[in-house]
Every structure is written in structure tokens, then in C-alpha cells.
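Spelled out, the chains give:
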Amino acid sequence: MREITFAEALGEAILEEMQKDPTIFTYGEDIAKQGGIFGAYKSLLGKFPDRIFDTPISEEAIYGSALGAALVGMRPIVEFHFADFLFTGIQSITLQIEKIRYMTGGQGKLHLLLRGPDGISNSAAAQHSESIETIFMHTPGIKVIVPSTPYDIKGLIKTALREDDPVICFEHKMLYKIKGPVPEEDYTIPFGIADIKREGNEVTVVTISRMVHESLKAAEELKKEGISVEVIDLRTLVPWDKKTVIESVKKTNHLVVAHETWKRAGWGAEIASVVQEEAFDYLDAPIIRIGAKNVPMPFAPNLQNFVTPDYKDVIEAVKQILR
Amino acid sequence: MYEIKMPKFGLTMDSGFIEQWFKKEGDPVKEGEPLLEVSSEKITNEVISPVSGILLKILAPEKEEVKVGTVIALIGKEGEKFAEFLEKEEPKRLDVTTEKEEIYATKVTSLEGERRIKASPLARKIAQEKNLDLSRIKGTGPEGRIEKQDILNFLSLASQEEEFQIEKLSGLRRTIIERLSKSFHNTITLTNITEVDFTEFKKIIKEQKVSITSGLIFVLARVLKELNKFNAHFDSEKMEYRLFKNINIGIAVDTERGLIVPVIREVDKLNLKTIHDQLKGLVEKARKGTISESDIKGSTFTITNLGMIRTDFFTPLLNPPEVAILGVGRILKKPCVMEDDKIAIREMGYLSLSYDHRVIDGADAACFLDKIAQYIEKPEFQ
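Protein chains in written order, with my numbering: chain X, 1 to 323; chain C, 324 to 705.
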């Protein structure tokens, strides 16, 4: 199968759906002319100039206009530039986009996709490095997808563009350039179906996004020591695939949840909590959560490394849980 | 308040020697802290305090041997009164067999709620399914938590244990063990063996309708009368060699409960028929378990016959303080070269004489066997 980058897969998904659905259009900061600050739209440069365009820097205006467009039957795709900046227009999302279907008694569909980069990059510091998917998992009314591979992002974005509910998609900055096999024919990936990226039988690691790759690296290292790790990529957090996780825990009896976002009240706590509620009798050790230290992301590379979890933290957690 | 009991560290441990106490009376102790050091057989172990509190009282001092399960200390709250408890519980301390071996701390009164055993949810579930008592399982996880693997290890050990069954030894077996060990270790036993022609002997036995053993007892009495040094006891502590006037023969009898040796007294004064009847009565009593203490005491010589269960010859162990024992083997028809160099079918059997070589020389033994052989080969039962 051909291999393309994460960004190319994203671009293909958008382009293919735009060709089929004339209501789809996409806008945001620095996408049409620049192709996205991390190159997410590079493959879309010059395509559909009237349906892919740049906006001024005003998050309230961007999200608010998308809400209006969606309400009248359009299917806007909004690029949020940096996940950190979602807070700038948060009320449009949490008060309006997430609630409007409920407030209209389900009369108003809201096919709206918010998407953009999150996570660390090379010293982007405290205001450009955040992963805030937990916020949207916590507030009801929006679906949350967090793909980790080119194959997954294409399939998930296509599903998002056929949804009647608002969807937010977080794309890790460090994933845009990774390559992976993507079929040329049309396919979609349903929400709420996790992908077991690696099978194992001693410890289950539940993760998403960049930490999928760190966890796979850790699993490979641990294999050399004879430890068998199962890596589950949830792919979507709302809804999340409880069934697959619990089945895996019933098999391995050990659960580690790994994410780049802060450990404190990060979404891993939700997974851990549900597992102990529903699979308590299958746990042979306390669940371990891996997440960033609870501080704003430092600029200094060594401090960024110190604060952010990576494969070494996964190795340590797996060994600790099997102690 | 908690009783701390002498723990059992091994299957065979029934008492422990207190090497040292790490804490004094009145010292605070924390759960998991070493409390004392105990040695048993070849190993030394630290006893860990199962609870936190104040070491109120040490009941077993250092350098003292204490039975497993005995209360050796009390742990409770500061100033908690225990005198009353000591008075009340004192007699119970001797009763060790009813105690569960593995648990060495028993709560006396509620101090801080049930002590919770740390176990993972999965371990608990498996234990419940398999009906296991978690207090019997040692946890190897963090903070001693019992995990799945600990349960599986316990189960695999337990399944090995299932392959044998522990049978508590009866008092009789214990006596046998004690006596045989003494016999084996405290005497110098040698055995002389000779083959004897029982053909004529058996003819008469058959005629008289008595058992071979009865006949042999009759013959023995004659020989013992002549060779008095075999009808004796030897007390090596007092260096006394006691030669008996009465000939009291013990007969080794195999019973369901073990070996019993009833005694026929003053055999030299009895005729063959009486010996036979007395023996029959004693064997019956021994096998039924109705034999009395006086029936099994005072033997001066013992005979043991394995001939009926296919043994040709063997080396009997002495029945101390006796100095000799006669073993009888199977009597079998064999081709024999007779005095006239003709071959005849004869009923042959081996006699084994074990004797304490400290007081009886080899030549005496040979002489004894020769005499008895003569009586058997040319029998007279008058």
C-alpha cells in the first residue's frame, strides 16, 4: 500500500469530501496562502480558492461564524491554529456549538468540524504547546477525535464530515510529517472504536496521539525484557471504546493510561475510574496514569523534556505495575 | 490488644528458640517492624510485628524454647490493662494444637478495626472463587500486597501438597519409633543365620495341630534354659547384665495399628498345647486391640516369624533391653543332599539370630543356633 504523510492524509480526506459535498468549506488563520503553520493544508494549496480561505485573527468571529453557517445547513471546517487558542473563543464552543442541538430540541443539526494542531513542538513554550482534549471530553455536546496515524486521520475526518454533530479534532504537531500506509479507495473509521496498535498480554497501555508512538516504542523495548504490552489507541475520546479497554484489562489485569496532557484531572483519570468501576475484580495492581507534570510548558528544551512524558515513562510505569 | 504467638516457619517446626527481642516492654512498635528473632532447627527468622501499638508485655524471655502458637507477647494501646487478661488466658497458652498455625497474632479486643489483608481485587476474586483464606498467602507485591501470581503460586504449591496425605502418628507408632530408634542406635546388633531342616518338626506340629511359632517357642524355652545368657536384659547405663530365671517369650505380632509384642510367661513350664492356646489368645487380643499392658510387659527374649509372608531370612532388630531375638523365615521344600549322599525333598527354613554383640559373642550365637537347629531337626515335644 502507498505511504503518505499524516498531513497529506488529512488533506485528502478534506479534498475528497469537498468534491462530493458542496456545503463543505474551510477557513482559519494562515491556511489558504501558507498551507497551515505546520503544513496541515500544504496539499490543499491552490485548491477550491473560494472554499478554502484565510481569516483575520479573531477566534470569537471564526467560531461564531462557523456556528451560524452550520445552523443554516453549511458544513464548515474551522482550523484553530493552535489548540491553546481555543480558550480565546471558548464560549462560542462550550456555550453555543456544544449546546445548540440540545437547546433546539434536536431540530438544528450542527455539522461543524473544528480541527487543528495541539501538543508540544520544539520549544513552543507555555501558550503554544498545550493538549486540551480533556476540556472537550468533559463538556458535553461535541465529539472528540485524536488520531495518531495517517490512516486513522483520513478515516476519522471523513466520518466527521458526514456527521450531524459538531466534532473537534486534535492533530499533534509532531505527527504531521509521519508517514503511513493509506489506501487510495474511500473508507471511513467509525467513532468509538479503538485500535489495538499492538497486542500483548501482561499490561494494557491506553493512549492516543503522539503517546501512541511513544507507547509502541516502549512496548518494543519491553519486549526485549520479555514483557508483553498491549497498546490501545482510543482514536476518539467522545465516544471512547470502553468495551475494548475492559476486554483488554480482563486479559492483562494491568492498566496504564498514557497521555501528553497534564496528569492532574487528565482524561486518563476518567478511563481509570471507569475501569475500576466496571472491571475492578480483574485488576491485579493499581492503575497507573502517565501525563505531563502539572505546570505550564517550559521553553527550555531540557525542561520541556522533563515535564512531558515519553516512552521512558511508559517503560517505567509498566515495570512498576508488574513489580 | 493483640496476642503475639510463636509463629510456625516450617512444616516440621513445633517450637522456636527466642534468640533476642528487638523491643523492650513499653516500646512503641510499628506494623511491619521486626519484633524478635527466632531460630528453629537450622534457620533463624525475624518475627515482624503484625500490628502497631505498644509492646505491653513480653511473656517469653530470650534464650527460651517456646512451642508454636504459644503467646509470647502482648501489643496494645499505651496504658492498656492486661493483668486480667494474663490471669484469664494463662491456661489457654498451653493449648497449642487447636491454634491455626499460620496466624500468629490474634486480636483479643477490638483496637482499631479488622486488620485488612492487602490483596489486589483480582487476587481477592480468585481467592474467593477457589475458597482460599488470604491470611495463608504471602503477598509479594508492593507493601506485601497479594497479587494474582501469589495466588497461583500458592495454588500450585497446594496442588503439590495434595499428592500426599499427612497421617497423624498414633501413640503406638510413636512408641515403636522410639523403641526401634533406641534399639538401632544404642546397641551393636549382629545377625547370624543358619538353614534348618524342619521336615520332622513340621510332621509333629501337624499331628499336634499347633502352629509353627508355638512349636518354636517350645523349642526356644529348652535352648534358653541351657544357654541362660540369651534370656537376659542388658542395662548399659548401669552396666548390669540381668540373667532371668523365668523364660518369658515375646512374640512379634503384626496388627493394623502396628507391631505389638505380647508375652507368654514361664514358657519352660508349659506344654506345647498350652503354648499354642495362650499364643492364639494373645494374638487375637493384640489384633482386636483389647490387649492389656501386663500382656506386653516383661519379655526376656523375642521371636519374630515372617515365614508366612514370604521372607526367607532377615535381620531382626533387638527388643531392648533384651539381648537377642530370633527371626524365622519361610519354610520351603528343597532338594537336599542327605548324609548318605542321596538327594531328598526336605522342608528347609532359615533362622536368623540377632544379638547385642556388646554382651554376646559370635561363637555364643553360633552355638545357640546350632542348639535350636538340633531340637528342630530331632524334635521332642515332651
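Hints are computed from structural coordinates only; laboratory data are not their basis.
The C-beta atom is built at its ideal place from N, Cα and C for all residues, glycine as well.
Possibly wrong hints are sitting among the right ones.
Said to hold, decoys possible - Distance ranges between label pairs, derived from CB positions:
id: 1; chain 1: X; residue 1: M1; chain 2: C; residue 2: K461; range: 45 to 55 angstroms
id: 2; chain 1: X; residue 1: P181; chain 2: C; residue 2: K461; range: 45 to 55 angstroms
id: 3; chain 1: C; residue 1: L478; chain 2: X; residue 2: E220; range: 51 to 61 angstroms
id: 4; chain 1: C; residue 1: T613; chain 2: X; residue 2: D281; range: 43 to 53 angstroms
id: 5; chain 1: C; residue 1: D350; chain 2: X; residue 2: K319; range: 32 to 42 angstroms
id: 6; chain 1: X; residue 1: E225; chain 2: C; residue 2: T367; range: 48 to 58 angstroms
id: 7; chain 1: C; residue 1: P465; chain 2: X; residue 2: E220; range: 20 to 30 angstroms
Hints versus structure:
1. M1/X with K461/C: 45 to 55 angstroms: Given a distance of about 53 angstroms, which is inside 45 to 55 angstroms, the answer is holds.
2. P181/X with K461/C: 45 to 55 angstroms: 50 angstroms, holds
3. L478/C with E220/X: 51 to 61 angstroms: 33 angstroms, violated
4. T613/C with D281/X: 43 to 53 angstroms: 59 angstroms, violated
5. D350/C with K319/X: 32 to 42 angstroms: Holds, since D350/C and K319/X (Cβ atoms, about 38 angstroms apart) stay within the stated range.
6. E225/X with T367/C: 48 to 58 angstroms: 35 angstroms, violated
7. P465/C with E220/X: 20 to 30 angstroms: At roughly 26 angstroms between Cβ atoms, E220/X and P465/C fall inside 20 to 30 angstroms, so the hint holds.
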